[in-house]
Amino acid sequence: MSTPLLSVKNLEVIYLSGSLKAVKGVSFEIQPATCLAIVGESGSGKSTTALAIARLLGNSASTKATEILFEGNDILSASKKELRKMRRERIGIVFQDPIASWNLSRKVGTQLLDAFDKSERPERREKLINFMEKVGIDKAAQVIDMYPYMLSGGMMQRAMIAGALLGNPVLLIADEPTSALDVTVQADLLNLLGELRKEQGLAMLLVSHNLAVVSRIAERTVVMYSGEIVEEGPTSTLINSAKHPYTVNLIRSMPAMDQPRKVNLYTNEVRNASSQGCVYANRCPLVIPICNSQKPELQLIGETNVACHRHSEVKKLLEVSNGSITSDS
Amino acid sequence: MIRLKGKIFSNRGQVASISHRVSIWIFSIFVVLLLAVILFPGLLAPFDPLELDVINRLQAPSKVHLFGTDEGGRDIFSRVLYGTKDSVGASMVIVLMASGTGTILGAIAGWFGGKIDFYLMRMVDVFLSFPYLVLAMALAASLGRDMRSAILALTLVWWPSYARMVRGQVLSIKERLFIRAARTVGANNYQILFWHIIPHTYRTVGVRASMDVGYVLISLTGLSFLGLGAQNPSPEWGLMISNARSYVLASWWYSVFPGLAILLVVSLFIYAADRFSGAER
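In order, the protein sequences belong to chains Y and H.
Just add 49 to wherever you are in the first sequence, counting from 1, and you've got my numbering.
Just add 22 to wherever you are in the second sequence, counting from 1, and you've got my numbering.
Bound-form chain Y, shown alone:
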């Protein structure tokens, strides 16, 4: 394996208000020009992980890690100036809510070009128009001088992506880029992201709760639950032969038109698991005593890393329960 573009080791994030540990020791790597997806339910710490990598959490959270190396530089010890340069030129970021991402009182173009030196702006402006056309904005030369509130949600997000690409980044962090948009726009944007990625040789960190989205774009997928990684591996392997009960549930909870929902969504609630045991023990349908007393380590099984004591039995047990795992304990 070549040297990874981004390598994160033992990332921990604590939100200071309420001292909530949102991310507990997460490690992963992104190779150049590949896409890594982080999936998980709301509150699993996936967005927090993405923001922590860009050092965008501010003073409300404390971020610790053994290392966060981006292109061989330690992000944690970077100065403010280096961080600004990095965000401007090496990392592009797209957020979940395109409407809230814009300052409605500043023109689209000015807002995206603000951060560049005055001398650079005319050239960047041309580039921005190009990118905006590439992401499917008609009449980009006019849109660039419009105010954000004049655009639709889909257009705003497209413009945001164009802006994120402006500095020639090598890594694009997309924090649920499509979940605030309607389904047809979602599909368009996903295709677009996939194409851009190939064209520009971008690596991507995609945060999503939607496995359908992930399976289309990402080469590798990390499944997070309650701030920890429960399973990690190549996307297709992970989806076709999931070894962690949570991953299985996540896959089964994807709604399909022609089938009844396979997972009873209301039986379990997220509770703070005991610090000793498995984070998923409270909700897991396959829980055995050891799950509550000993934390399973991530271990390489076949192609994927799994943190589960019963990984070998998951598949068999699922077949027994007639394709539906619910908590019956």
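FYI, nobody ran anything at the bench for these hints, they're computed from the structure.
Computed from a predicted structure; not experimentally measured.
All residues carry an ideal CB built from backbone N, CA and C; glycine is no exception.
A portion of the hints provided could be inaccurate.
Output of the computed footprint for chain H on chain Y, the stretches with three or more beta carbons under 8 Å from beta carbons of chain H [claimed, not checked]: (1) 133-141; (2) 146-152; (3) 207-221.
Ranges of calculated distance between the beta carbons of each label pair, as one might list FRET restraints [said to hold, decoys possible]: (4) Y:K134 with H:R167: 55 to 61 Å; (5) H:G135 with Y:G250: 38 to 44 Å; (6) H:M145 with Y:G250: 33 to 39 Å.
Position chain H relative to chain Y; hints supplied.
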């Protein structure tokens, strides 16, 4: 700015927004008239406000002297018009300086937080813990009895309330997503503060400033009335009323017309602020 708000951000019904727009038009016309009088008082005033005409002293209102004359025979109508600059113009200048200083300092306190915030806000507390008019009088008296020191004193007394208000606004604005987005494109503190945060405080500051033109006018004319602001023979409204005290029973017009001018301007600015803040809700 304010018109934008009515058009775009108001989510009220059509009827409300039309009447809102009408009142904004009326207010704007009024302000333009005021500015015209401030800049070119000679266009409307029939007489020189300072020229003495002792033979015609204390004349009742007539066709020649619409508002009558004062003890020096000067035309009160002309004096009221010329006095607009000293009274309303100065109030506007005070509000502009106070809101400008307050906005910038408040935004800095809210954005940077920490020690800067602490020291700035304690300074604000010191100012706000005095009754503002008493403080303004003390400052004006110690700076020297003229218009300039009255303006300076009122500015000093007025900026802290803006600083506190804007700081509160900034605390909520800085958590919004577009600030994070601005950071992701690499904007620095200065750019975020002046391009993304302060413009979002214009709305509340604007409403407050429009109201404060009224309140500052009362305070400024009050200072002049007490002899701490404009000095004779300036046609400042508060000073005119002060001069009129000796003649109030015999020559009612002398004090009534400058007083009515104050009443009109103050109530219009406060009414306008009330309408604007109503549309904000």
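Against the structure, the hints come out as follows:
1. As drawn, the segment 133-141 of chain Y meets chain H at 7 residues by the rule of a beta-carbon pair under 8 Å; at three or more, the given contact holds.
2. Taking a C-beta to C-beta cut-off of 8 Å, the segment 146-152 of chain Y contributes 5 residues in contact with chain H, enough for the three needed, and the coverage statement holds.
3. For the segment 207-221 of chain Y, the stated coverage by chain H is satisfied: 5 residues place a CB nearer than 8 Å to a CB of that chain, which reaches the threshold of 3.
4. Separated by about 56 Å at the C-beta atoms, Y:K134 and H:R167 satisfy the suggested range of 55 to 61 Å.
5. H:G135 and Y:G250 have their C-beta atoms about 40 Å apart, which keeps the hinted 38 to 44 Å range intact.
6. For the pair H:M145 and Y:G250, the supplied restraint of 33 to 39 Å is violated, since their beta-carbon distance comes to about 54 Å.
Hint check: a violation occurs at hint 6 only; the rest are consistent with the structure.
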